[in-house]
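Residue numbers (the working numbering), protein chains in the order written: chain A, 1 to 89; chain B, 1 to 476; chain C, 1 to 487.
I should point out that these hints are in silico values taken from the structure, not numbers from a laboratory.
Don't take every hint at face value.
Unchecked claim - Quick list of the computed label-pair ranges, beta carbon to beta carbon: (1) K23(A) with A424(C): 17 to 27 Å; (2) Q187(B) with D417(C): 54 to 64 Å; (3) K254(B) with S369(C): 27 to 37 Å.
Claimed, not checked - DSBU-like mimics (lysine-lysine), calculated; alpha carbons at most 30 Å apart, straight line: (4) K456(B) with K408(B); (5) K66(A) with K185(B); (6) K72(A) with K85(C).
Said to hold, decoys possible - Sample of chain C residues lacking proximity to chain A, with all beta carbon distances greater than 10 Å (derived): (7) E24; (8) K286; (9) F410; (10) V478; (11) G479; (12) G480.
Keep in mind the model is a prediction, meaning the values are calculated, not measured.
Don't be surprised by glycine CBs; every beta carbon is placed ideally from N, CA and C.
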Amino acid sequence: MKIDVQHLAKLSRLHISEEQVAKFEMQMQEILGMVDNLPELSSEDCLIDPQNPMTCRPDIPQNNYKRDDILKNAPQVQAGCVVVPKVIE
Amino acid sequence: MDYEIVIGLEVHAELSTESKIYCSCKNEFGFEVNTRCCPICTGMPGTLPTLNEKVIEYAVKMGLALHCDINQICKQDRKNYYYPDLPKAYQISQFDIPLCEKGYVDVLVNGKEKRIGVTRIHIEEDAGKLLHNDNFAGSLVDFNRCGVPLIEIVSEPDMRSAQEAKVYLETIRSILQYLDISDCKMQEGSIRCDVNVSVMPKGSDVFGTRCEMKNINSFSGAVRAIEFEANRQIQILKEGGTITQETRRWDDSKGKSFTLRTKEDAHDYRYFPEPDLLTIVLDDSYINTVREQIPELPNVKISRYLREFGLSQVDASLLVEDPEKAKLFEDTTAKKQCSPKSVCNWILGDISKQMNEKMLPLSEINISAESLSELLALIESGKISNATGKTVFEEMLVSDKMPSIIVKEKGFIQISDEGQLETIVQDVLKNNQKSVEDYHNGKTNALGFLVGQCMKATKGQGNPAKMKEILLKLIG
Amino acid sequence: MELYQLTASELAQMLRNKECSSEEITKSVLNRIKETEDRVGSYVTITEETALEQAKVVDARLAAGEALSPLAGIPISVKDNICTKGIRTTCSSKMLSNFEPPYNATVIEKLSAQEAVIIGKLNMDEFAMGSSCETSYFKKTRNPHSLDHVPGGSSGGSAAAVAAGETILSLGSDTGGSIRLPASYCGVIGLKPTYGSVSRYGLVAFASSLDQIGPFARSVEDISMLYSAICGMDPLDATTARREYPDFQKDLSNADLKGLRIGIPKEYFSDGVSTEVKEKVLAAAKLLEENGAVLKEVSLPSTGYALSAYYVISSAEASSNLARFDGVKYGYRTENYSNLIEMYENTRSEGFGDEVKRRILLGTFVLSSGYYDAYYKRAKLLQKQIQQEFADTFEECDLLLTPTGTDTAFKMGEKTDDPLKMYANDICTVTVNIAGLPAISLPCGEDASGLPIGMQLIAPKFAEQILFNVSRKYETLVGGLNKVAVL
Numbered sequence: 001m002k003i004d005v006q007h008l009a010k011l012s013r014l015h016i017s018e019e020q021v022a023k024f025e026m027q028m029q030e031i032l033g034m035v036d037n038l039p040e041l042s043s044e045d046c047l048i049d050p051q052n053p054m055t056c057r058p059d060i061p062q063n064n065y066k067r068d069d070i071l072k073n074a075p076q077v078q079a080g081c082v083v084v085p086k087v088i089e
Numbered sequence: 001m002d003y004e005i006v007i008g009l010e011v012h013a014e015l016s017t018e019s020k021i022y023c024s025c026k027n028e029f030g031f032e033v034n035t036r037c038c039p040i041c042t043g044m045p046g047t048l049p050t051l052n053e054k055v056i057e058y059a060v061k062m063g064l065a066l067h068c069d070i071n072q073i074c075k076q077d078r079k080n081y082y083y084p085d086l087p088k089a090y091q092i093s094q095f096d097i098p099l100c101e102k103g104y105v106d107v108l109v110n111g112k113e114k115r116i117g118v119t120r121i122h123i124e125e126d127a128g129k130l131l132h133n134d135n136f137a138g139s140l141v142d143f144n145r146c147g148v149p150l151i152e153i154v155s156e157p158d159m160r161s162a163q164e165a166k167v168y169l170e171t172i173r174s175i176l177q178y179l180d181i182s183d184c185k186m187q188e189g190s191i192r193c194d195v196n197v198s199v200m201p202k203g204s205d206v207f208g209t210r211c212e213m214k215n216i217n218s219f220s221g222a223v224r225a226i227e228f229e230a231n232r233q234i235q236i237l238k239e240g241g242t243i244t245q246e247t248r249r250w251d252d253s254k255g256k257s258f259t260l261r262t263k264e265d266a267h268d269y270r271y272f273p274e275p276d277l278l279t280i281v282l283d284d285s286y287i288n289t290v291r292e293q294i295p296e297l298p299n300v301k302i303s304r305y306l307r308e309f310g311l312s313q314v315d316a317s318l319l320v321e322d323p324e325k326a327k328l329f330e331d332t333t334a335k336k337q338c339s340p341k342s343v344c345n346w347i348l349g350d351i352s353k354q355m356n357e358k359m360l361p362l363s364e365i366n367i368s369a370e371s372l373s374e375l376l377a378l379i380e381s382g383k384i385s386n387a388t389g390k391t392v393f394e395e396m397l398v399s400d401k402m403p404s405i406i407v408k409e410k411g412f413i414q415i416s417d418e419g420q421l422e423t424i425v426q427d428v429l430k431n432n433q434k435s436v437e438d439y440h441n442g443k444t445n446a447l448g449f450l451v452g453q454c455m456k457a458t459k460g461q462g463n464p465a466k467m468k469e470i471l472l473k474l475i476g
Numbered sequence: 001m002e003l004y005q006l007t008a009s010e011l012a013q014m015l016r017n018k019e020c021s022s023e024e025i026t027k028s029v030l031n032r033i034k035e036t037e038d039r040v041g042s043y044v045t046i047t048e049e050t051a052l053e054q055a056k057v058v059d060a061r062l063a064a065g066e067a068l069s070p071l072a073g074i075p076i077s078v079k080d081n082i083c084t085k086g087i088r089t090t091c092s093s094k095m096l097s098n099f100e101p102p103y104n105a106t107v108i109e110k111l112s113a114q115e116a117v118i119i120g121k122l123n124m125d126e127f128a129m130g131s132s133c134e135t136s137y138f139k140k141t142r143n144p145h146s147l148d149h150v151p152g153g154s155s156g157g158s159a160a161a162v163a164a165g166e167t168i169l170s171l172g173s174d175t176g177g178s179i180r181l182p183a184s185y186c187g188v189i190g191l192k193p194t195y196g197s198v199s200r201y202g203l204v205a206f207a208s209s210l211d212q213i214g215p216f217a218r219s220v221e222d223i224s225m226l227y228s229a230i231c232g233m234d235p236l237d238a239t240t241a242r243r244e245y246p247d248f249q250k251d252l253s254n255a256d257l258k259g260l261r262i263g264i265p266k267e268y269f270s271d272g273v274s275t276e277v278k279e280k281v282l283a284a285a286k287l288l289e290e291n292g293a294v295l296k297e298v299s300l301p302s303t304g305y306a307l308s309a310y311y312v313i314s315s316a317e318a319s320s321n322l323a324r325f326d327g328v329k330y331g332y333r334t335e336n337y338s339n340l341i342e343m344y345e346n347t348r349s350e351g352f353g354d355e356v357k358r359r360i361l362l363g364t365f366v367l368s369s370g371y372y373d374a375y376y377k378r379a380k381l382l383q384k385q386i387q388q389e390f391a392d393t394f395e396e397c398d399l400l401l402t403p404t405g406t407d408t409a410f411k412m413g414e415k416t417d418d419p420l421k422m423y424a425n426d427i428c429t430v431t432v433n434i435a436g437l438p439a440i441s442l443p444c445g446e447d448a449s450g451l452p453i454g455m456q457l458i459a460p461k462f463a464e465q466i467l468f469n470v471s472r473k474y475e476t477l478v479g480g481l482n483k484v485a486v487l
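This is chain A alone, in the form it adopts within the complex (with noise of 0.2 Å):
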């Protein structure tokens, strides 16, 4: 299996310097590689667990968060908002 490094790079949003590239490649091929070596497991639902179900929250607004606690380890603030360089879509 040949695994992409820089496409996953590109996806996770990362640089890897060519030499990276071969090193991490090799590295993730020996852990997959295990899991590729796994016996056949039974193919039952292994995602959902209704054994375990969820308590949800109840519809009740409360907020003691103020704009500022909120801005105040952005690196970059304007006029009450967070600063990206310009998207355009």
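Given chain A's structure and the hints, the job is docking chains B and C onto it.
Same frame as chain A, but now just chains B and C:
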């Protein structure tokens, strides 16, 4: 060759819950930027979502209204993508097990019923908003809308014209309004849609390659976008070309769509089950409780109006389209002081005109079932004329007085006393000898003029039918 | 004997007996930090001022004769991935080097409610990814028992601080062994609680379905005290269980080993485990047997595959959990960008270390279109199978006894270039996270060079009480486990 258009729609409706879907922030539109958010909806490290129970209730309600199967065991999933208005860099949505699926809705297209399949309805969170300003080099992010609850209603590709799509959208909106689960304000973005369009040769049963159109802000915009897109595709096919599967952006002001991304750069959303939330499990009694809360829905209501009140299909549809109008109609009719037909005429006529002129919903027009019923009773009993009725109506809009009070204060009571009316008619005939001659010479429209003069003489308060009767008797 | 060398329960008693004040305890710990911290390097942030203020508040209450909560006035330090309002919370990453949360994690709220004295924030592997505490952006923490050895990870600072007497109690987090492995390497006790028993609200997520906050201490009673303080249903964490928890301390002393069935899973004593570790762990088992327990060899056949399931699931979740660090709302932002994509890519490339990047890439891969079923879904299937194997095994025994690590602490830098070797350290611990079970690591001797060895006791879900009782018995049998490193 003739082509057939195939349309599927994805409608996003914001739910009108008190709090957001995954945190307790107030779910309110139109507040100062970044004042309706908290560490959870702004995706601060370490925060976790907790699901608002009302969101499930509302979504199940919509699912039942659209005859869907409810997946009583379902989950939520993460949809991963980077965008500045999505603070966690994933949207909590539902992927392979939506809350509701396999439903349908019957819509009326040109008087004919058509069934449109509903593939699925799922719950998810809304993203924030990006604000742009030409004078500023960057974009600004407002997180207020982050975490506003949404349902996405996905239709089957069952529509064959822009008109059908429009009617489908109107029907969906009307059902949302009847269920009272969404504000449905297109201008505030509380209901939005994406459109999938493909074309195929008439008579074919193989769908063409489809394109998705985004950024549609109104139902009429949806019609324009569909028509533009269908024509674009037909043109390409006629010139021997092939359609490329892509996502396009609709620019309503230009009346055109533009390529946003092709299939090759389609996002890989890497959906996986949301590990911060457990499985949603709904038992039968819950579903039944929600089912019991569902009010009479528009199409059932229309049929009943036809049957019970003898309204025309068009009138019934127009009334039912707006739940407030339908409610006013039913409440007024229930008082049994006037005929349903005239209630209908007034609501669709003068009252709707007021709403349109003032751009206000019915709830903000100063009229109630009590006042409307009393007004129409005054007219139908002949106590005031229709024309006076309109004057009284105008007065009702600006004062809080009941029609009977207005009529009394302004002395608007209609003159039906024959003796009194005969004196007036005699005066009119005396002062309009020329018209009387014209009438005798066969010019029958002179009669209308004379009736008008009688009305004028009574300051509009004479009973027109009675006056005409007396006039004919006296003129000989 | 200095105050910093005592246990929380001893100190709590002394406070109530007016034998010392909270300020004295706090100062003793702060002084110890001043003496040893440049060698150990446990802390990222020390909150001396607020700690002393809190201590004085408790002393004033005490003077006024008011009743105190069990942890009132006791120094506690917290792993730096647990959010503390107004105190920077870095995850030992450049990415969050300046992040000051506007809120407290639920566990911090609970400690504050008890008026515990927060001493500071502890070093860790970056975003809790690592087994050696060497991937921290700030510093490498050293093993207090041997300064050229690692303390284990990822909660290396939490274990080292307790071992060095730089705090009395600490909190860590455990995703694949991140509490138990450093506890074992540093010769202290560490508990990975049942998944869903301690709120994760405010714990910066690594792998949401596996992460759990847990306590470090130098006595079993302390562990149970701190666990009692932090466990419980939290309306802010939907994955916490709705259940009542017993008074864990009540039954602690009268635990009886008679007839207790202890399973010895053979897969955990394979060739990969060092002879010295095997010997010491089995000797501990023997001691329990001599005192009434029944040892049973059991088998958990999927153990060998657990590591792959662990890396697939944890990396998948991590790739999504760490996507929010994009330079927009908080944390590091590159200075080097001309558009949005560049800002994202440069921020993330400069802000994350290699270990974090490697796991993000792996997680992105296993979730990506075309590979999801083959990797993510198969790993989840294996998880279910492992859970079933544990459930079956607990039909025939009450708890399991295994080594915590395959070996004692390794030398700093020894495994940094070989992630696979590093990952293999977690082989005895990851299954517990995969199965959502509680497990405790207890010191059970030393190797020839004097480095601590740890044994792990694993119980069924929510059976922490059994872990505490048996641990306490063992602690008594060996004459106590409280041993502050000599520095």
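For each hint, the structure was consulted:
In this structure, K23(A) and A424(C) meet the distance hint of 17 to 27 Å, their C-beta atoms being roughly 18 Å apart. As the Cβ distance of Q187(B) to D417(C) is approximately 60 Å, the hint placing it in 54 to 64 Å holds. A beta carbon spacing of about 34 Å between K254(B) and S369(C) agrees with the range 27 to 37 Å that was offered as a hint. The hinted pair formed by K456(B) and K408(B) meets the criterion: a straight-line CA distance of about 20 Å does not exceed 30 Å.
As the CA atoms of K66(A) and K185(B) are separated by approximately 28 Å, the hinted pair is consistent with the 30 Å bound. Between K72(A) and K85(C) the alpha-carbon distance is near 12 Å, which keeps this suggested pair within the 30 Å criterion. Consistency note on E24(C): stated as away from chain A, and its beta-carbon is indeed over 10 Å from all of that chain's, at 36 Å minimum. Once the 10 Å rule is applied to beta carbons, K286(C) is consistent with being away from chain A; the minimum gap is 34 Å.
Residue-level check passed: F410(C) sits 19 Å from the nearest beta carbon of chain A, beyond 10 Å. For V478(C), the requirement that its beta carbon stay farther than 10 Å from each beta carbon of chain A is met, with the minimum near 37 Å. The non-interface label for G479(C) is consistent with chain A: the shortest C-beta to C-beta separation is roughly 42 Å, beyond 10 Å. At roughly 39 Å, the least C-beta separation between G480(C) and chain A is larger than 10 Å, which holds for a residue marked as non-interface.
The earlier numbered hints are all upheld by this structure, with none contradicted.
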